[in-house]
Amino acid sequence: MTKSYISKLVNMKYSLFSIIFLSATTVFSLSFSEILLSLSFKKAFVIISLGFIAFIFARTFGIVINQIIDREIDKRNPRTSSRVLPMHQLSLRFCISLVLISSVVFLTLSFFFNTLCGIFSILACCLMALYPRTKCFTFLCHGVLGFIYYLAILINFLALSPGYFSWNIIIPASLWGMSVAMIITGNDIIYAIQDINFDKQFGLYSIPACFGKKSAIYIASACLIISLFSYLSLVFVLSFQPWVGISAILPTFVIMRTIKQYQVLMTSHITSERCFFKGNIYIALSFLFSMITLLISKL
Numbered sequence: 001m002t003k004s005y006i007s008k009l010v011n012m013k014y015s016l017f018s019i020i021f022l023s024a025t026t027v028f029s030l031s032f033s034e035i036l037l038s039l040s041f042k043k044a045f046v047i048i049s050l051g052f053i054a055f056i057f058a059r060t061f062g063i064v065i066n067q068i069i070d071r072e073i074d075k076r077n078p079r080t081s082s083r084v085l086p087m088h089q090l091s092l093r094f095c096i097s098l099v100l101i102s103s104v105v106f107l108t109l110s111f112f113f114n115t116l117c118g119i120f121s122i123l124a125c126c127l128m129a130l131y132p133r134t135k136c137f138t139f140l141c142h143g144v145l146g147f148i149y150y151l152a153i154l155i156n157f158l159a160l161s162p163g164y165f166s167w168n169i170i171i172p173a174s175l176w177g178m179s180v181a182m183i184i185t186g187n188d189i190i191y192a193i194q195d196i197n198f199d200k201q202f203g204l205y206s207i208p209a210c211f212g213k214k215s216a217i218y219i220a221s222a223c224l225i226i227s228l229f230s231y232l233s234l235v236f237v238l239s240f241q242p243w244v245g246i247s248a249i250l251p252t253f254v255i256m257r258t259i260k261q262y263q264v265l266m267t268s269h270i271t272s273e274r275c276f277f278k279g280n281i282y283i284a285l286s287f288l289f290s291m292i293t294l295l296i297s298k299l
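If you count the sequence shown from 1, position 50 lands on 50 in full-length UniProt numbering, and the numbers rise without skipping.
The set of hints was computed from the structure by calculation and includes no laboratory data.
A few of these clues could be false.
Here are the simulated lysine-lysine pairs, DSSO-like style, with alpha carbons at most 30 Å apart [unchecked claim]: (1) LYS13 with LYS213; (2) LYS213 with LYS75; (3) LYS213 with LYS260.
Pairwise CB distance ranges (calculated) [what the hints assert, rightly or not]: (4) HIS88 with LYS13: 20 to 30 Å; (5) SER215 with TYR164: 35 to 45 Å; (6) LYS213 with GLU72: 18 to 28 Å; (7) GLN263 with THR2: 39 to 49 Å; (8) SER166 with GLY203: 45 to 55 Å; (9) ILE171 with SER215: 31 to 41 Å; (10) PHE137 with LYS13: 26 to 36 Å; (11) TYR14 with PHE253: 21 to 31 Å; (12) TYR218 with PRO242: 31 to 41 Å; (13) SER82 with LYS43: 40 to 50 Å; (14) TYR218 with TYR14: 19 to 29 Å.
A virtual CB, placed ideally from N, CA and C, is assigned to each residue, including glycine.
Taking the hints into account, I'd like the entire structure generated from these sequences.
This is the structure we're talking about:
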């Protein structure tokens, strides 16, 4: 029974799009000769395997500490009142232990990769702990989650790199990180629409609660447009290589389709949670396909 409660607590279903985004990042990083030539097959396999383990523990840390901090709010919210902690299905002590173990494993693996990777991981852990509280005082809370993903992208690049960034890598990595960050920010705004009435009642600063559903959808759409421009900027940064432009066609189509789906939320009964999940998954898959295409073109 405890296993099922742990599974419910960490809700791995919502890790799927994160795994796809980070897989796309790994593929993208290997398209840089500076990184690819510094790795043997064995070393790359070890780093990618340990990186996946680090991700699982980082994600566990983030989701569990979020639920620990939010447990009193979750208890009052009808949508979240059946979660593990409000229902006392697992003890608070157990959840805190899980957070501590997850953070130790994640940070240990990060410092194993290299020192800079470890430093960025400490910052990411601090932001993951801060994120649940940001909605108590600023509508920029969604951007904090996006920035966490930006850091995750850089950590991914650093884990595969020799431990430093050259300008040839840091600019494309940052543009790619910004693209992912804005997608996460936009979809987090959409996800928050389902709690708009609760957030207003309890004075929480989500964008839907502060500006209304319609404005929230427009802001989320703007985030996706910024994401698209950031991604298309890679065409310029990577010297107009034709395969970069070709590989951008599918993500462009999927992002525009997702924006259109956002607009449907204004008048339809489609749940924002469903829109959030599908938006993240489809965009992440399109990016993964794009990065695989780019890597193949470099081989």
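Hints not upheld, ascending by number: Every hint satisfied by this model.
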